[in-house]
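Chains as they are written, first to last, in the working numbering: chain A, 234 to 414; chain B, 536 to 895; chain C, 24 to 344.
Some hints here could point you the wrong way.
List time: in silico DMTMM-like cross-link candidates among lysine to aspartate or glutamate, alpha-carbon distance up to 25 Å [stated by the list, open to error]: (1) A/Lys254 / B/Glu724; (2) B/Lys850 / A/Asp281; (3) B/Lys551 / C/Asp234; (4) C/Lys44 / C/Glu32; (5) B/Lys850 / A/Glu372; (6) A/Lys254 / B/Asp846; (7) B/Lys850 / A/Asp297.
Hint data in this document are derived by calculation from the structure and do not stem from the laboratory.
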Amino acid sequence: MMDINAVVEALRQLYPNQDIKPRTVPVADTFINLPPDCVHAATALLMDRFDVYHLSTITGQDTDHGIELLYHFWDGRGLTLRTRLPRAERAKGEPGEAPVIATLTDLIPGAAFYEREIWEMLGVDFQGHPNLSLFLLPEDWDDAPPLLAQTPGAAVSEDEADCSSPNDNQNEKLEDQESKQ
Amino acid sequence: MTRMTIPIGPQHPALKEPLSFLLTVEGEYVIDSSLRLGYVHRGLERLCQERTYVQNVHVLERVCGICSHVHSTAYCQGVEALTELEIPPRALYLRTLLCELERIHSHMLWLGVLAELIGFTTIFMYTWRDREIVLDIMEEFSGGRVAHAVNLVGGVRVDVEQEHARSILTRLDDLAQQVDTFLDMIQHERTFQARTRNVGHLSVEQVHRYCVVGPVARASGVDVDMRRDAPYAAYDQLDFQVITAQQGDVWARTMVRSLETIESLHICRQLLQNLPSGDLTVRAPRRVPAGEVVSRAEAPRGEVIYYIRSDGSDKPARIKIRTPTLTTLITLPDQLRGVNTADVPTVLAGVDLCIACADR
Amino acid sequence: MSISGNAIELLSAKVVSALFKLLVFPGFGFLFVCALAFQWIDRQVAARLQGRVGPPWFQPLADLIKLMAKEDVLPSEANEAICAALPIVSLAAVLTAGLYVPIGAHSVAPFEGDLIVTLFLLSIPTLAYFLAGWVSVSVFSVVGGNRSLLQYFSYEVPFLMALSGPAILHGSWSISHIAESQAIWTVLVQPLGFLLALIGLIGKLKRSPFDIPKAKSEIGAGPLTEFSGRKLMMWQLTMHTSTVVGIFLLVNMFLGGDGNGVTALTSFAFSVKALGILLLLSVSSVLYARLRIDQLANLGWQVLAPLALLQLLVTTWIGTG
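With the hints as constraints, model all of the structure from the sequences given.
Okay, here's the thing in structure tokens:
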């Protein structure tokens with residue numbers, strides 16, 4: 234089981250200029266924000282000094298702050314390193330530069346599939362990755378990366394998009410059951 | 536020696552779900568392999584962003600057929616943590632009961648599939664026949680053999696009465712006897728052992744490097760199980776053992792999964808005998824407060840992790856799912872190198888692939 | 024005039040009788056009916072042992088009829104002429120082999136040395152099977168064909184040696200003669216030979232646990248992957264008939280054939296022995312997992328062949344001693 238305080242201390246020593254503020258997140262996790270170029274060294278620190286080698290997954294999401302990558306580690310309790318990358322600027326239909334970050338596959342080969350999926354779904358370039366090719370999408374996929382916020386989702390009709398009525402009834406039914414009991 | 540490229544999949548008798556493997560074979564030995572997923576990719580992560588939290592319970596159950604309940608459990612737990620709901624103990628016990636029943640059914644299905652792939656059709660017929668006992672129990676309990684729709688955000692939808700609980704216990708005892716028979720059979724059957732020992736080996740170092748989870752990791756000696764390490768539902772009140780083995784081959788994985796089935800039967804008995812009384816659900820708000828949560832559960836194939844972010848509306852901003860099959864798929868090129876072509880289906884079966892889970 | 028009239032009557036009677044023996048009993052017609060019946064019994068026994076219900080009695084016939092109605096396609100690179108000829112040649116070879124194996128007290132055309140001819144004819148389907156895989160060009164077929172040839176070398180030598188045992192013991196190479204001259208059943212004198220012949224038969228018929236060339240989970244259907252329609256029907260008929268001829272061969276060589284008794288009892292005894300061997304084959308097909316080809320080769324050369332040699336040596340020693 235890793236000692237979160239010791240990890241935070243070590244990270245603060247590694248990056249004295251960064252404001253390392255751990256945040257507890259349910260269910261048993263701690264989130265720490267880091268700039269993109271610090272992630273690789275922080276991972277190496279976790280592996281060498283704290284014997285943390287299990288990377289559960291890497292989450293990528295498109296938020297208002299840009300493209301966020303979350304590296305979820307586990308060693309008896311969870312530790313997630315969060316980093317933000319600027320979104321590729323697309324002006325007048327031309328693709329801008331893709332957001333870039335160093336790959337973790339040289340430290341943790343198991344990260345290969347997770348990074349490949351994020352490249353595919355969000356367009357993030359992992360420098361040094363051995364095989365950034367299509368993973369889940371079909372070979373003839375030529376649209377924008379699907380998980381980017383500006384990529385439109387599947388068209389749904391007005392009725393399908395209206396999600397209010399069936400669930401209201403369901404919650405009301407639950408209320409009725411509880412009030413009867 | 537001529538080199539041949541043998542395609543395995545997307546359609547192949549050895550595969551239960553579509554997956555594409557290209558094996559480079561020299562004589563009778565595999566030199567290299569490459570893998571292509573995505574044949575069952577349905578874009579569920581993106582779909583979840585356009586459905587409400589309540590609708591997503593049903594969407595996420597359909598990520599996979601064999602481990603459907605554990606997906607909805609991990610999701611509901613996550614949302615309940617975001618809304619800070621206190622789930623009634625009876626609901627937690629029933630959730631756990633279905634999780635364990637699902638584990639039993641998944642392992643028995645897997646044993647049958649492995650036996651069929653090595654040509655031992657008799658064990659396939661027997662295990663799938665006895666698996667019907669579990670499927671019947673699940674159907675009586677929830678109304679469905681495969682997609683149970685038991686979880687709600689806030690608890691569970693169905694209940695178990697005293698009589699029903701007693702009948703389930705009797706049938707689980709019958710099943711325990713059958714599982715003991717299979718265990719005995721495979722431990723003494725020389726042809727079965729000849730086909731599974733020293734096949735598809737993974738060392739502890741490889742398990743660490745590829746971040747493998749589940750019975751495959753435990754069969755190589757790595758002691759990790761989310762039910763004990765990150766107790767969820769009712770697991771913190773239960774007494775069970777985590778099964779590990781040392782050899783790291785398909786035989787070790789067979790033993791781990793078989794003994795885990797017996798352990799699960801033991802857990803089911805504890806749950807049914809100590810079922811607390813009380814409500815089944817608590818009222819859940821439609822809009823989930825803004826925040827994020829990382830929820831982990833132990834599916835039959837290993838650790839499943841959900842990351843959920845809410846922006847305060849009634850639809851999630853992001854749901855990220857990582858299923859255990861992805862961690863074992865990445866080890867396959869290593870496992871297949873140097874393996875006899877006749878053992879390829881055995882290796883594929885040994886890691887218990889669930890491609891629907893991996894593709895989402 | 025009357026003499027030639029009698030001669031013509033005699034000749035036509037003989038012709039009719041010969042045609043009857045060839046086409047009806049104990050020839051092709053009887054073999055065909057037995058093939059379907061044995062196939063059904065085999066599937067029923069395997070099903071019951073696995074806790075299933077099993078197919079209805081007409082299933083093997085229905086399968087053959089269904090295949091006749093299916094489309095007959097081949098890959099464009101496969102040699103059509105050879106692919107059409109191979110199943111016909113195999114079926115012809117097996118049916119011809121059946122002519123020399125006595126059924127009850129009847130055999131169509133026995134002669135001294137017909138054991139060797141029968142064994143030779145029974146090998147033709149195996150070689151045709153390998154050729155079928157080779158000529159079909161697809162990867163699964165070629166790999167299956169290679170395996171079938173490797174398997175052939177592993178079991179054929181012990182099989183032939185085991186079958187030579189009764190021949191040496193009774194001093195004849197005619198199956199009918201060996202069947203008739205068994206005062207005590209050969210199996211009681213050469214139990215090891217019987218066991219080896221049985222194992223060899225399982226390999227020859229490519230039944231589980233030696234169904235390696237058509238290992239469904241690994242290489243599709245092996246050499247026959249690309250065959251369909253009428254050609255596949257003939258291949259299946261060949262396999263079923265080989266089973267029948269193989270079983271009858273074993274009954275005659277090791278279990279005393281027709282028993283030299285009264286006619287009605289004769290047929291009954293023969294049927295019981297044949298069904299007994301069929302039962303042994305069916306049960307052994309569900310008891311074990313499939314072996315790998317290298318494991319089979321090891322078994323064949325390190326265990327079966329030496330044992331067969333031992334049996335032959337003992338037989339020769341007893342014979343000369």
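Quick rundown of the hints versus the structure:
1. A/Lys254 / B/Glu724: violated (58 Å)
2. B/Lys850 / A/Asp281: Not satisfied, since the Cα-Cα distance of roughly 40 Å exceeds 25 Å.
3. B/Lys551 / C/Asp234: Cα-Cα ~22 Å, so holds.
4. C/Lys44 / C/Glu32: holds (18 Å)
5. B/Lys850 / A/Glu372: The given pair, whose Cα atoms are some 31 Å apart, is violated under the 25 Å limit.
6. A/Lys254 / B/Asp846: Roughly 22 Å between the alpha carbons, so the hint for A/Lys254 and B/Asp846 holds.
7. B/Lys850 / A/Asp297: holds (17 Å)
In this structure, the earlier hints numbered 1, 2, 5 are contradicted, and the remaining ones agree with it.
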